[in-house]
Amino acid sequence: MSAISLEKLTKVYSTGVRALDGLDLDVGDGEFVVLVGPSGCGKTTALRMVAGLETISGGTVRFGDRVVNDISPRQRDVAMVFQNYALYPHLSVAENIGFALTNKKIPSAERQRRVRLAAEILGLSDLLNRKPAHLSGGQRQRVAMGRAIVREPSVFLMDEPLSNLDAKLRVQMRSEVLRVHKAIGAATLYVTHDQVEAMTMGDRVAVLHGGVLQQYGTPRELYGRPANLFVAKFIGSPEMNLFEASVSGDELVLGSQRLTLGPAETVLAPYRGRKVIAGVRPEDLELGGGAGGAALGADVRVVEMLGSELHVFFAIDAPAAAASALAATAGEAEAGLLTGQTLGGVARLDPRSAVRSGQRVTFRVDPGRLHFFDPDTGAAVR
Amino acid sequence: MSAPALAPPAPPDQAQARAETRRERKRRERLEERDATIPVELYGLRQGTVTLLTACCVLFAAFTLVPIVWMIINSTKTQANIFSSFGFWFARPFEFFHTFANLFRDVDGDGTYARWFYNTVLYSVVSGVGATVLAALGGYGFARFEFRGARLLFAVVIAGLLVPITLVVVPLYLVYAKVHLINSIWGMIMPSMVTPINLYLMRTFVELSIPRELLDAARIDGASEARIFFRVALPLMVPGLMTVLLLSIAATWNNYILPLIIFSTNNLFPATVGMGLWLQHAGNSGDTNLFPLLVMGGLVTIIPMIALFAILQRYWRGGLLLGSAAN
Ligand SMILES: Nc1ncnc2c1ncn2[C@@H]1O[C@H](COP(=O)(O)OP(=O)(O)O)[C@@H](O)[C@H]1O
Ligand SMILES: [Mg+2]
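Just so you know, the sequences run in chain order A and B.
For the first sequence, the numbering used here begins at 6 and goes up steadily by one.
For the second sequence, the numbering used here begins at 35 and goes up steadily by one.
Careful: at least some of the hints might be erroneous.
[Stated by the list, open to error] In silico contact screen, one side only, chain B against chain A (beta carbon under 8 Å); selected entries:
(1) 56
(2) 57
(3) 193
(4) 248
(5) 266
(6) 270
[Stated by the list, open to error] Far from chain A by the CB rule (all over 10 Å, computed), these chain B residues:
(7) 144
(8) 245
(9) 254
It should be emphasised that the hints constitute simulated quantities derived from the structure, not laboratory data.
On a predicted model such as this, the values are computed, not experimentally measured, just so you know.
Positions of the beta carbon are idealized from the N, C-alpha and C atoms, including for glycine.
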């Protein structure tokens with residue numbers, strides 16, 4: 006039995022916006038689940054419905070086996086960290102953290118003990134008498150966390166808690182948040198728009214787009230076996246290269262080039278003589294043809310040196326995945342963007358590789374590492 | 035060794051707070067405020083424009099302040115001197131204290147100014163506090179709760195804003211007669227507590243200064259709605275409430291028409307109506323020496339308002355929400 010389970014959770018705002026459409030999700034005891042998706046995809050809406058701050062248009066929210074749809078946030082006993090922290094500006098750090106305990110009429114001595122403990126876990130012990138105005142962004146973020154963990158919650162919700170921090174602090178706080186999560190062991194639903202955050206933090210990750218769940222699985226599954234074009238594009242940076250191709254016998258036709266498919270051939274049987282969208286991750290392209298796998302010739306356009314790796318942007322004569330195919334899952338605006346930049350692709354290479362712009366290179370591709378998607382539905386072909 | 039070495043070191047924060055005296059804090063705040071304002075040189079205006087605008091402001095200020103200066107000067111004069119000497123300079127004999135003492139006497143059988151002043155304070159403070167409480171509750175409700183008919187109700191409030199009391203004097207009088215509010219202090223206080231403009235102000239203030247997320251956070255923290263209002267919202271509403279308090283006290287303080295129609299007993303009059311009565315008598319019979327009293331009464335009436343404004347001013351400082359949100 007899961008700590009939190011959402012079943013066909015739906016939200017239609019009075020403006021007619023369908024912010025969330027039939028979300029099914031379960032969070033196990035002590036599990037850290039990340040809900041990720043671009044801005045406006047319904048993440049906050051979902052979280053607020055779980056917290057009880059938003060009415061539910063359809064579906065159910067369960068904590069354990071208890072349906073909590075009609076229970077007020079006060080009685081749901083969830084802890085939540087808001088995107089903008091929402092600290093009480095007129096109360097000190099200690100009072101902010103202890104506010105929930107005061108509401109529960111916990112005796113003063115016990116309350117102070119718990120506030121001190123929470124402050125210790127978060128490194129706030131020296132700041133207990135300060136007002137939020139006199140704290141840095143990172144410290145405010147910690148107070149917001151402290152306010153949540155002091156209650157020893159069984160359900161812990163976080164709405165983009167790190168998005169207001171600068172890049173370096175954000176990376177630090179990721180492991181901090183996970184450390185706190187391990188310490189309190191509450192089932193956690195964590196919302197972010199940042200796929201790196203999702204991949205590095207989540208036990209499991211749910212990708213949401215346009216209010217619809219795209220895929221729910223471990224970071225490894227999402228990366229290795231994306232369920233559709235949207236997930237394929239959304240997870241991973243640089244993004245997966247996607248090309249429009251066609252299947253001819255046991256070969257994949259990419260523009261003027263032909264790749265021998267090998268074992269991937271069987272799943273593509275239904276697509277013989279038809280179009281398919283082929284995807285390959287930038288790190289699955291290796292320099293030097295011939296030595297096993299299929300060869301792909303490309304013209305190098307731009308080389309970006311990142312120190313630890315080399316990003317090589319290249320062009321081939323295969324058309325980029327058609328807008329219509331991407332639109333099926335990615336939404337029209339994004340589809341336009343995607344095709345715009347997919348006139349070629351990008352490879353992630355060893356920084357010592359001797360590649361210059363303008364050069365003609367041959368990449369070696371393991372056919373087993375190719376991803377295929379249906380051009381009409383965007384769904385993965387497996 | 036010396037005692038300070040043995041004492042445990044104070045936490046850095048408290049030490050800092052103790053080191054800064056009230057005066058130093060005031061000074062720091064003043065300087066911070068100065069740094070936060072853009073100097074006029076950076077507005078991109080030409081020097082001539084700045085001079086012209088400044089001159090306009092000075093003229094306007096003089097225009098509004100002249101009567102007050104006149105009042106201060108003439109409060110020291112006898113009735114004869116008020117009419118015969120130059121209005122903007124002093125003239126002997128110096129009658130200030132004599133006239134002031136007369137405010138406490140019944141000079142012409144109409145009643146004493148002291149009594150009317152007391153009434154003014156009573157009506158203004160009670161209805162000011164009442165208006166503030168109502169505006170706080172109503173403004174918060176309209177700003178942060180959705181309920182059936184909210185828009186219609188608020189439209190009615192706004193409509194109320196547009197109706198001047200002079201327009202409803204006759205129906206008000208007739209209603210008051212029926213419900214025995216003529217010559218009752220509640221007849222004065224109750225309508226003064228209902229101030230659409232303050233409700234409107236408070237709603238806007240709450241919308242701008244109390245984020246929904248803050249109230250949601252308190253709900254998540256298990257606070258009841260009453261507790262959220264008193265412990266979270268109300269402390270943040272203080273600057274708005276002070277504005278409303280000042281405005282509603284001033285409105286009742288200066289109200290003339292309402293007390294004029296509902297009071298017929300002299301000792302219920304507020305200062306405005308009492309002095310109106312004096313003015314009538316002074317006009318009818320020139321020799322009762324009522325003009326110095328009118329000038330002095332006017333002066334005494336405006337001073338508390340100026341003082342109140344000065345006292346409440348510090349609540350206008352912004353920045354109460356500072357630190358609640360991420361940036
Ligand atoms: N109170 C509201 N009323 C109407 N529409 C809303 C409201 N809140 C959010 N929405 C809409 O619902 C969609 C999802 O919003 P939200 O859950 O805030 O997205 P996210 O948190 O993923 O950025 C958006 O299109 C947004 O405009
Ligand atoms: Mg959001």
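Going down the list of hints, with the structure as the test:
Violation of the interface hint for residue 56 of chain B is found here, the shortest Cβ-Cβ separation to chain A being roughly 18 Å, above the 8 Å cut-off. Hint on residue 57 of chain B is violated. Least Cβ distance to chain A is approximately 21 Å, over the 8 Å limit. Checking residue 193 of chain B against chain A: minimum C-beta separation of about 26 Å lies over 8 Å; hint violated. With 8 Å as the threshold, the beta carbon of residue 248 of chain B comes within range of chain A, its nearest partner Cβ sitting at about 5 Å, so the hint holds.
The closest approach between the C-beta of residue 266 of chain B and any C-beta of chain A is roughly 6 Å, which is under the 8 Å cut-off, so the hint is satisfied. Given the 8 Å rule on beta carbons, the hint for residue 270 of chain B holds: about 6 Å separates it from the nearest Cβ of chain A. Its beta-carbon lying about 50 Å from the closest one in chain A, residue 144 of chain B satisfies the requirement of being farther than 10 Å from that chain. The beta carbon of residue 245 of chain B sits about 7 Å from the closest Cβ of chain A, which is not more than 10 Å, so the claim that it is off the interface is violated.
Look at residue 254 of chain B: its CB is around 5 Å from the nearest CB on chain A, not clear of 10 Å, so calling it non-interface is violated.
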